[in-house]
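Chains as they are written, first to last, in this note's numbering: chain A, 497 to 929; chain B, 497 to 929.
Please keep in mind that the hints were generated in silico from the structure rather than gathered at the bench. Don't take each hint at face value.
[What the hints assert, rightly or not] No more than 30 Å apart at the CA atoms, straight line, and that leaves these computed lysine-lysine pairs for DSSO-like:
no., chain 1, residue 1, chain 2, residue 2
1, B, LYS559, A, LYS840
2, A, LYS626, B, LYS859
3, B, LYS548, A, LYS548
4, B, LYS559, A, LYS859
[Unchecked claim] Okay, the calculated beta carbon distance ranges per label pair:
no., chain 1, residue 1, chain 2, residue 2, range
5, A, ARG773, B, ASP599, 34 to 40 Å
6, A, GLU914, B, ASP727, 51 to 57 Å
7, A, LEU507, B, THR747, 40 to 46 Å
8, A, THR919, B, LYS622, 34 to 40 Å
9, B, ASP850, A, GLY797, 29 to 35 Å
10, B, ARG731, A, HIS909, 39 to 45 Å
11, A, HIS909, B, GLY865, 33 to 39 Å
By construction, the Cβ of each residue, glycine as well, lies at the ideal position given by its N, Cα and C atoms.
Protein chains: 2
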Amino acid sequence: MRLSTYFLPTLKETPAEAQIVSHRLMLRAGMVRQAAAGIYSWLPLGLRVLNKVANIVRDEQSKAGAQEILMPTIQPAELWRESGRYDDYGKEMLRIKDRHERDMLYGPTNEELITDLFRGTVKSYKALPKILYHIQWKFRDEVRPRFGVMRGREFLMKDGYSFDIDPAAARRSYNRMFISYMRTYARLGLQAIPMKADTGPIGGDLSHEFHILADTGESEVFVHKDFIGMDWSERQIDYDSDLQPLVDGLTTKYAVTDEQRDPAIEAGLGDNLIRARGIEVGHIFYFGTKYSAAMNAIVAGPNGDVPVEMGSYGIGVSRLVGALIEANHDEAGIKWPESVAPFKVGLINLKKGDSACDDACEKLYRALGTEGLYDDRDERAGVKFADMELIGLPWTLVIGPKGVSAGTVEVKHRATGEKSEMTLDAALVKFAQ
Amino acid sequence: MRLSTYFLPTLKETPAEAQIVSHRLMLRAGMVRQAAAGIYSWLPLGLRVLNKVANIVRDEQSKAGAQEILMPTIQPAELWRESGRYDDYGKEMLRIKDRHERDMLYGPTNEELITDLFRGTVKSYKALPKILYHIQWKFRDEVRPRFGVMRGREFLMKDGYSFDIDPAAARRSYNRMFISYMRTYARLGLQAIPMKADTGPIGGDLSHEFHILADTGESEVFVHKDFIGMDWSERQIDYDSDLQPLVDGLTTKYAVTDEQRDPAIEAGLGDNLIRARGIEVGHIFYFGTKYSAAMNAIVAGPNGDVPVEMGSYGIGVSRLVGALIEANHDEAGIKWPESVAPFKVGLINLKKGDSACDDACEKLYRALGTEGLYDDRDERAGVKFADMELIGLPWTLVIGPKGVSAGTVEVKHRATGEKSEMTLDAALVKFAQ
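Only chain A is shown next, with the shape it has when bound in the complex (with noise of 0.2 Å):
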């Protein structure tokens, strides 16, 4: 993409309504814009980060044996009756009424849904087990909206479901989720610790949330020691395995939120136990047959009729694009990992107009394809430098006449900060798609 015609519209003030670092970057460097409280357009830079985060989701979700599908945002209140939650939910669910006076409303989750699609479809316990999940925006009206994409009204997120015939097979797909999770975060370049968590408004009694850590995050955590530095990013997963082994190992340590602290615990943990504070970015339940049972999803079992164990596992998509900036950026901005950068390289044209330099640009933007982003603007130095550090690129290649001249391209680094002189050919070679 030439950045002389690409919709990027970089902010130089930081905006007056933004509270936290990655709300104001997300707007000074052009991915989203408001469009009202908690609703956000994303732009095209934007787009192509959450893009990437969701086809991270979605592969990993596909390694774990989850298939996609794709339910509507708004659905009919009826089915939230026979749950009994569409009276307790309260004033975060959109309620609508339809042209025929029908008690509609824009899903904030989907259990009542995808039961209501199960009983629809699958009788008999051969078709299972499933897991079924969607990524679709969902709506919560948030009383005081804030954060950005942090805490939106209006958000993308992962939901999935798993039907299973007995608590034990639906402990193998909560356990399938719980290590895809892990290898998500992981590939996204996050460390997330998994923690005991309450089950709200959703049910059941067994439950973890998974947070990472960050200086700005909304929530007081409390972790062993062991679980700083911990990195999935490498783990190979046979999902076909007994993976309970793999789920003690991260569950059996101290991991908790405020609200789920054990004095006694702490107190033995001494040295081993870190204060820290974090941000949810996913959260798994296990809630057997709250749903199934009160919508009647029942199928034929080798042993009759039973009502079928059902799970569900979230994740923020769009609410992970501000946590992958909480968790990684600087003074001059972001600095994203090469599994989410928008671009993976940046290329600055310091004398457009001067041929050499233009040629040499021309054959690296080519070699690049897709993951260029080309900043070809009538502009000064100064001004391409900051924007290319704002928007976060991983690499940026500097091309200037006097490296010209000499066949050289300057490489510069944006997470370590590191320069370096690279021939042309060696660029081409190194960056090429």
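Based on the hints, put chain B in the right spot on chain A.
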């Protein structure tokens, strides 16, 4: 994907509520299920088609210079009050009050929201032209939703918007979109005919609808016979060239919907006039400063400040899935064009448990990659053949004991019904992903 675990709830019976063939086949082939009147969940097979259609639209938008963004589904009513459309739009607009009693709505289209985004970010003609589009769910509260995804309430639309400094430039953007639509439909395997159209509630004075011909089409259309058989699938377009002659070539010939007929012209056409039925699959508008003037979207031009010139461009992405089936089916089921088929190849194992058949199937299945659907179920051959015809994959490979011992596989082509024998090795080469 293995059919033994795939979530593909096909139906033997034709659902009573489905009046047209695409709706019947989408339900029977396990592509969608209704969540509420005119609101659908997309199951894995349907979602694969929806995504392939969306990706072709996306690719052709990008080639024509349009940039992808993503606007939210929920919009503030105040923007529609600025344009004057809030009161005009009628009951098709889903109106919502949020918890603070603010008037919101589920976007039926996005002229207001994009104009608001534009006026907040672009100030000078130097940033023009710009064409921005998104692919997002819309809601139109139809009185009587029917025909499945062809006339649903919640539907997926690609809507694009062009911004230019003057009418001549705006016409160039209009032409780009016009031609990109021709290319898009051709890649989908559809032959679309552009027709002079009313501008309706969008406004403006230049507008075309794109219709595909199908016996089950909702509108009666009248077209010059030269349009029949027109093929744009191999056209190469240089979008930086003057596209006016190409557009003229497509718009000077007679092609109209029922409301736009001209008896004088038709009398002169004689046998060249074809009467047929059409399905509307796109609509483009040039409406000048209708929204920019009302909403104060002003840019600094070379001769002072002017309201920006705009157009809008819609393709019904979810509707296209239905339209594709209307245009491509027979008694037994769907006949997908290769470009949008959910899987390119179906693989039938006639004797599961026979180690030679199983081995040959596994080998083929691995080679097919993500484009292969392997029917590894314990079902009768008749059931497997019927399901494969129903879901309409372009190619079916049949593995049975006799063929395997001779080293051959039977290959069926869904579109033509032709069957042939091929060596296993030749099939591996021909169908490997």
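Results of checking the hints against the structure:
no., hint, in the structure
1, LYS559(B) x LYS840(A), "holds, 21 Å"
2, LYS626(A) x LYS859(B), "holds, 26 Å"
3, LYS548(B) x LYS548(A), "holds, 18 Å"
4, LYS559(B) x LYS859(A), "holds, 20 Å"
5, ARG773(A) x ASP599(B): 34 to 40 Å, "holds, 37 Å"
6, GLU914(A) x ASP727(B): 51 to 57 Å, "holds, 54 Å"
7, LEU507(A) x THR747(B): 40 to 46 Å, "holds, 42 Å"
8, THR919(A) x LYS622(B): 34 to 40 Å, "holds, 36 Å"
9, ASP850(B) x GLY797(A): 29 to 35 Å, "holds, 30 Å"
10, ARG731(B) x HIS909(A): 39 to 45 Å, "holds, 44 Å"
11, HIS909(A) x GLY865(B): 33 to 39 Å, "holds, 35 Å"
Violated hints for the displayed structure: none, as all numbered hints are satisfied.
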